[in-house]
Structures are given as C-alpha cells and as structure tokens.
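According to this note's numbering, the sequence shown is numbered sequentially starting from 197.
Derived from the structure by calculation, the hints contain no laboratory data.
In this text, all values refer to a predicted model and were calculated from it rather than measured experimentally.
Don't be surprised by glycine CBs; every beta carbon is placed ideally from N, CA and C.
Take the hints with a grain of salt, since some may be wrong.
[Said to hold, decoys possible] EDC-like, lysine to aspartate or glutamate: derived pairs with alpha carbons at most 20 Å apart:
| hint | residue 1 | residue 2 |
| --- | --- | --- |
| 1 | 460 | 480 |
| 2 | 259 | 271 |
| 3 | 427 | 368 |
| 4 | 228 | 256 |
| 5 | 487 | 497 |
| 6 | 320 | 347 |
| 7 | 427 | 414 |
| 8 | 228 | 207 |
| 9 | 311 | 256 |
[Stated by the list, open to error] Just the calculated beta-carbon pair ranges, DEER-fashion:
| hint | residue 1 | residue 2 | range |
| --- | --- | --- | --- |
| 10 | 321 | 229 | 51 to 61 Å |
| 11 | 407 | 341 | 17 to 27 Å |
| 12 | 330 | 421 | 21 to 31 Å |
| 13 | 477 | 308 | 18 to 28 Å |
| 14 | 304 | 451 | 50 to 60 Å |
| 15 | 338 | 382 | 22 to 32 Å |
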Amino acid sequence: MSVVQSIKGKDQLLLDGSRYRRDRLVWRCIKKNCKARARYDGNIYQNYQDHICQAPDPNEIGKAVYDHEIRKKAEQSHDPPRLIIQDARLQLSSDAAAIIPQYIASQRTIQRIRKDKDIPTEPKTFADIVIPSKFQCTSANQQFLLYDNNDHHNRLLIFASKEQLDILNGCESWHCDGTFAVAPKLFEQMYSIHGLFRGKTLPLVYALLPNKNQGTYEEYFRVVAQHVQHKPKFITIDFEKAAENAFAIVFPQCEIFGCFFHFKQCIWRNICELGLKKQFLENDDSRHTMKNLAALAFIPERNVIEEFNQIKENTPEINSTLEKYQRDGEIFGSIVVSKLLFFLFEFFVSYVKEYNGQTLLDIHDAGDCGRFARTVLKNLFTPAEMSRSVLYSNSVYAKPSLDPIRTKKFKDKPIVFFIPS
C-alpha cells in the first residue's frame, strides 16, 4: 500500500493491485463507473467493494510508481533526465518496464515539470547571471566560487575549493586546456588547470571565460597565483599564443611546454591541407613516415634536423611534396620557424629532461594523453643521450581523424627504441 500523486497532482491510493482516488473519507477506483471503494479507518487502508471494471493489474501499479518517482525527482533534484529515468526503471519488474512510456516521453515530462516550476529563466546577458549562495559552496560546505569579477561585458567565473587549491599548491607540474563543448551560453570556453599529484593528473581549477584574449587569461592566472604559494616548475598547454603569453607573464620562472596530443593534431591537420590524406590512408610506407614526424618530438633538439633528413632519405616518394612546402626554413607552411622542425623546440617539444636525478618525458596534458604519458613515465628511464632514437608506441601511431575521438582508449605496450646504426 502506498499513496502517490497522479498526473494532475491528486493523491492516489495504491492498494491490492488497484488505484483509488480520494472521495471524501473514502477512495474510489480511478476507472469511471467502477464502484470499487477503499477506506481508511485510522490504522489501515482496506477495500470494501469489488471492482467491476477489470481485474487488478500489478504492472499498472509499477507504472504509476514510475510516473510518480520521475515527477518527484524532477521537482526536488537537479539530476539530468537520463539519470532520473534510469533510477526509476531499475525499480520495475520486466513486465512493468514493458508498459511504461518511452524514454523520450519521460524526458519531456521531466523537462515540462522543471519548466513549469519557479526556475529562473536562462540569462541573456552577463548582468543576468546571479549565483545563489547555496550554489557557491560544495556539498562539504567549502567555498567553491573562488572569483567573480562581476563585469557585465566580460564576466569571468573561477571555481576551486580550498582542498583543491591545497593540492595544486603542492603540484610542480600543471597541465592546462580549454574546452568549448561544455561552456554555457554567453561564455566562450571552460578552461581548467590540472595538477600532477601522486602520479595522477587531477582537475583542480575551473574557469568560465568570456573570450580567448590574453588579458582574460592574465586575470585568470593572477587569481590562481594569489591562492598558490608554491609556483609550478612546469606548465603544459596547447599551442594557443594568448595563453602562452599570459603564463609567461604571471609565472615567469616556469618552463612552458606544448601538449603532445595537440602536437599530433597539428601534424594531421597539415597532412590534410597538403593533400597527403589519401596517401596516408592507402600507402603503408608513407603512413609510417608521416607518423615518424610525431616521434621527432622525442628527439633532442640538436638532432632533430638530422633525423628529419634521414626520414626524407628513406621515403623519396613524398620528398617532392615536403620540398614544395619547405621555404625559408619552414616545413608545412607556418609550423616550423628557422631550422627547428615543426615548433620552436625550447617551448613546443615534449622533450626528455632531468628531473630529481632521473630523465622523463613531459608529455602529460589536460586532455586525452594521460594514458600514453603514464606508459612513457613507467617505461622510460634512460640516459638523455639515447633519446636520439626514434620513439613510437600505439599512441603515436594511433589512427588519426579530423575530429579526434575523445573516448578512444589505447592499449599500453612497451615503448620500443630504434637506434640507427
């Protein structure tokens, strides 16, 4: 026995496989013209007239409970419709699950209920954004809204708890990246700062940025710097010049490195722009050669040109294309400046360096290269002189796509070194 609310918000009694609506001091069957009744004597509900409409159906009871649960959670929680529907379905039997509304119908029901409730309208300007105090703290009642500049033209919101800032304060390596897919309307991107903590890369600071201007980045990083006593030694970012300049100004003592994941993306974009995509997909030798270009990021900068020339000598079939775009020391258009391949290596190269008496690769990033990075750090402890070898792994030779598949997982395999004789 239980009491739920109907679609119209009226109480319904669920008793012995039937549903009743309140009729003064008694409950009557919801079916029109049925004389079945149930009453409450102060201690227990009981029916005292039989149904003439149909036999009791326990599955209808399950459906009514399902409708009630999704409506109640839609009003009382901010969970996404998918989670509400999934939790409600788990309580049903297989027979009851067969008669409940389709997913899209339940989803629209939840959306309609939330729209009808007293929920603030979606802000149309930065001035309309008001964050209630209860949403400025974590579930542990820690302050989470770290900074709000209240600028009605370029609103900047930064989020981090005290615990997250304490962890970031102890991280010597930061990995930063922005994403556009999850940014709310009015904001350009969500930019996060991750810290390398006990071998794991943890997201610690989030910010909603109105644009990608250098001034906005500087304001963001200065706020973070005010809450961190120990500045990082290494910062890994993508290849956005505004973010690089801002980091260099706010953290001048840090070494700034490029992200290997974005490095490979850049190579693939230029392969497509040069008309080499078909050759890459259909010719195994050409594909192997072009992937070796990504492996050049692991070569000491003094040996890069030599290794690049060796790659060209081994693959004459694409030499003409490479030579065509090699002008004034630049290969593939604007990627390379002076004699350094693809990037200014003191900034962009994921490079073997000395750290706490051991050599390691700085290839962590704030995106999807964490798995590959852990593999390298686990397997690579070799003198820097040996890093001249061309390095490859499953991640380096992952099948490319114009839009990287964020959810793709690579198998961890031992790193293989090829030392030219």
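Earlier hints that do not hold, by number
9 and 13
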